[in-house]
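**Q** Sequence:
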Amino acid sequence: MFDSPFMTLPGITPQEYSYLQTATTGFSEQQLRGFLMIYGSKRRNPDDMVLYCILGFFVPGLPRFLVNQIGMGVLYFFTLGLCFIGTIIDLVNHKTLAMEYNQRMVFESLQMVKMGNIQ
Numbered sequence: 001m002f003d004s005p006f007m008t009l010p011g012i013t014p015q016e017y018s019y020l021q022t023a024t025t026g027f028s029e030q031q032l033r034g035f036l037m038i039y040g041s042k043r044r045n046p047d048d049m050v051l052y053c054i055l056g057f058f059v060p061g062l063p064r065f066l067v068n069q070i071g072m073g074v075l076y077f078f079t080l081g082l083c084f085i086g087t088i089i090d091l092v093n094h095k096t097l098a099m100e101y102n103q104r105m106v107f108e109s110l111q112m113v114k115m116g117n118i119q
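In this text, residue positions in the sequence shown follow the UniProt record's numbering: the first is 1, and each later residue adds one.
Any given hint might turn out to be false.
Computed Cβ-Cβ distance ranges for the label pairs, DEER-style [stated by the list, open to error]: (1) Leu75 <-> Gly116: 35 to 45 Å; (2) Ile85 <-> Glu29: 21 to 31 Å; (3) Glu108 <-> Met7: 33 to 43 Å; (4) Leu75 <-> Leu51: 14 to 24 Å.
As a list, the in silico EDC-like pairs of lysine to aspartate or glutamate whose alpha-carbon atoms are at most 16 Å apart [claimed, not checked]: (5) Lys95 <-> Glu29; (6) Lys42 <-> Asp3; (7) Lys114 <-> Glu16; (8) Lys42 <-> Glu16; (9) Lys95 <-> Glu16; (10) Lys114 <-> Glu29; (11) Lys95 <-> Asp47.
Note that these hints are calculated values from the structure, not bench results. Note that CB positions come from ideal geometry on N, CA and C, so glycine has one too.
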């Protein structure tokens, strides 16, 4: 586990690690490097999401915009984070927000690697 290339991702959780291992089974070394380069640039660190959620008290909707939930971000922006209740819920669920976003980015990154026909 410690010699895995996934361990270079900052703040990786065991759940994310196992998801990445399952998603990239059968990849060659070059495909894995390409995937990690694409995915590493898109993923959100769960530890950083705490900071974004705290900043959401000053810029309502910020965490939602950062995880590409534009509609919710606009709603939070105009309702002050649903009167700060939604912002507090986001703060409590920051790891879930990051994990759901990262799972979508794994899928996108896999598609890009497969379309690129990297051998």
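**Q** Now look at each hint and say whether the structure bears it out.
**A** Hints, verified against the model:
{"no.": "1", "hint": "Leu75 <-> Gly116: 35 to 45 Å", "in the structure": "36 Å, holds"}
{"no.": "2", "hint": "Ile85 <-> Glu29: 21 to 31 Å", "in the structure": "48 Å, violated"}
{"no.": "3", "hint": "Glu108 <-> Met7: 33 to 43 Å", "in the structure": "22 Å, violated"}
{"no.": "4", "hint": "Leu75 <-> Leu51: 14 to 24 Å", "in the structure": "22 Å, holds"}
{"no.": "5", "hint": "Lys95 <-> Glu29", "in the structure": "29 Å, violated"}
{"no.": "6", "hint": "Lys42 <-> Asp3", "in the structure": "22 Å, violated"}
{"no.": "7", "hint": "Lys114 <-> Glu16", "in the structure": "21 Å, violated"}
{"no.": "8", "hint": "Lys42 <-> Glu16", "in the structure": "14 Å, holds"}
{"no.": "9", "hint": "Lys95 <-> Glu16", "in the structure": "11 Å, holds"}
{"no.": "10", "hint": "Lys114 <-> Glu29", "in the structure": "14 Å, holds"}
{"no.": "11", "hint": "Lys95 <-> Asp47", "in the structure": "8 Å, holds"}
Against the hints set out earlier in the document, violations occur for numbers 2, 3, 5, 6 and 7.
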